[in-house]
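Asks: Chain by chain, the residues run as shown.
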Amino acid sequence: MPQTPPLHDGETILWEGRPDTRPRFGIETVATGIFAGALVLAALGLATVIDRSEPGLFWPILLPGLILGAVIVLAYPLFDSAQNRGTRYVLTNQRALIIGRKNPHRTAHDREGYPIPAPDALIYQAGNPPSIYFGRRSTSKHSYTDVGFERISDANDVYPVMRDLAEAQIRNG
Amino acid sequence: MGDLRETPAGWDGILAPDEKIIWQGVPTARMTLRGQRIPTMAFGLFFSGFALVWMVLASQAGGSFWMFGLLHFAVGLGVAFGPLIMTYIMSGRTWYTLTNQRAYIATRSLLGAKELQSYPITPDTQLGMTGDTFKTVTFGEMTKRGSKGRSYQLKIGFRDLEDGDEVYQLMRDVQRKQT
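So the protein lines, in turn, are chains A and B. Numbers 1 to 173, taken from our numbering, label the letters of the first sequence in order. Numbers 1 to 179, taken from our numbering, label the letters of the second sequence in order.
Check before you lean on any hint, since a few could be wrong.
As the list claims (entries may be wrong) - Below are the DSSO-like pairs computed for lysine-lysine, each with C-alpha atoms no more than 27 Å apart in a straight line: (1) K20/B x K114/B; (2) K20/B x K155/B; (3) K114/B x K155/B; (4) K102/A x K144/B; (5) K114/B x K144/B; (6) K144/B x K141/A; (7) K155/B x K177/B; (8) K155/B x K144/B; (9) K141/A x K155/B; (10) K20/B x K177/B; (11) K102/A x K114/B; (12) K141/A x K102/A.
Derived by calculation from the structure, the hints in this document are not laboratory data.
Could you put together the complete structure from these sequences and hints?
Replies: Next comes the structure, spelled out in structure tokens:
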């Protein structure tokens, strides 16, 4: 399990946690499922046509299509689950850290931790379990992805803590 | 100040222990044509119109080749009216809550993601109100980055409220009670 980086002077850990490790079949699975369904149907059609002229080839043609379809549907949820198993989240009174496989180490914030955001940049996303987003990472010249503590079971406890930290920055100027 | 309500279901843990809801509402669903959207609309309509003319001319040659213009026609309509329709749809997926400490904006995206953002109402918060029939009460600003990398300021607030005057006064009361 990856280690927490050294803390700064005056920095204290307020919360530690990890993302839910159960495979998630979300909207991405719907997209890959449609693609996999089309692939299996194509394999079924091909197997039926060839089996008429060359009996005995039905399953040798359909089976690889079924296996490939299952791999396409299951690959992302299982990969995501494996990434979550190797990830830890740490919130301190100064920054939010994503430690382990879910951290791509592309930006300075990835490496050093994300600073406590302004209140309007803090987003609570409901779900089972919920997520808390506090930053953005550039994925290309004009697009970004939200960064945060994803799928944490105690989000309802962590969100008020992060919100209080964010608001304290305003009060303290 | 409005009635202090008990914490409703689903808000457990979100509200601070001494935080009470004093108002909840939704934006009025309507299509609002704002001035800055007119150039984009004009471009979209020109794009659609060009595709329409092309389809009419192509159809005179017979066959189904003219149907390739449908995609461009649809894209043009999307550019022209998409933002208007999206604003209308999202107004039905937005909920506002004012507590004795904060303003909350909850949204549900088209894909079903439910998000909540909060904004503290402090004595330093710059409150503003715009609009005639439907009022928009603003309480903050955020910097957004445009598609070409340029940044611009966007007012944060409760938009298109029927009872905007009352909400504005409630926010002023929240500020006064904190001083």
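Asks: Can you confirm whether the C-alpha distance between K144/B and K141/A stays at or below 27 Å?
Replies: holds, 15 Å
Asks: When you check the alpha-carbon spacing of K141/A and K155/B, does it fall within 27 Å?
Replies: holds, 25 Å
Asks: Run the distance test for K155/B versus K177/B: straight-line Cα separation, threshold 27 Å.
Replies: holds, 24 Å
Asks: Could you grab the alpha-carbon distance between K20/B and K114/B and see if it respects the 27 Å cut-off?
Replies: holds, 22 Å
Asks: Is the straight-line distance between the alpha-carbon of K20/B and that of K177/B 27 Å or less?
Replies: holds, 13 Å
Asks: Would you check the hint for K141/A and K102/A, treating anything up to 27 Å between C-alpha atoms as holding?
Replies: The given pair, whose Cα atoms are some 21 Å apart, holds under the 27 Å limit.
Asks: Between K114/B and K155/B, is the straight-line Cα distance small enough, at 27 Å or below?
Replies: holds, 21 Å
Asks: Holds or violated: K102/A with K114/B, Cα cutoff 27 Å?
Replies: Holds. K102/A to K114/B sits at ~23 Å (cutoff 27 Å).
Asks: For the pair we were handed, K114/B and K144/B, check the Cα-Cα distance against 27 Å.
Replies: holds, 21 Å
Asks: Taking only the CA atoms, is the gap from K20/B to K155/B under or equal to 27 Å?
Replies: holds, 25 Å
Asks: Does the structure keep K155/B and K144/B at a Cα separation of 27 Å or less?
Replies: holds, 10 Å
Asks: Is K102/A close enough to K144/B, meaning Cα to Cα at most 27 Å?
Replies: Distance of about 26 Å is within 27 Å: holds.
The structure is consistent with each of the numbered hints, conforming to all of them.
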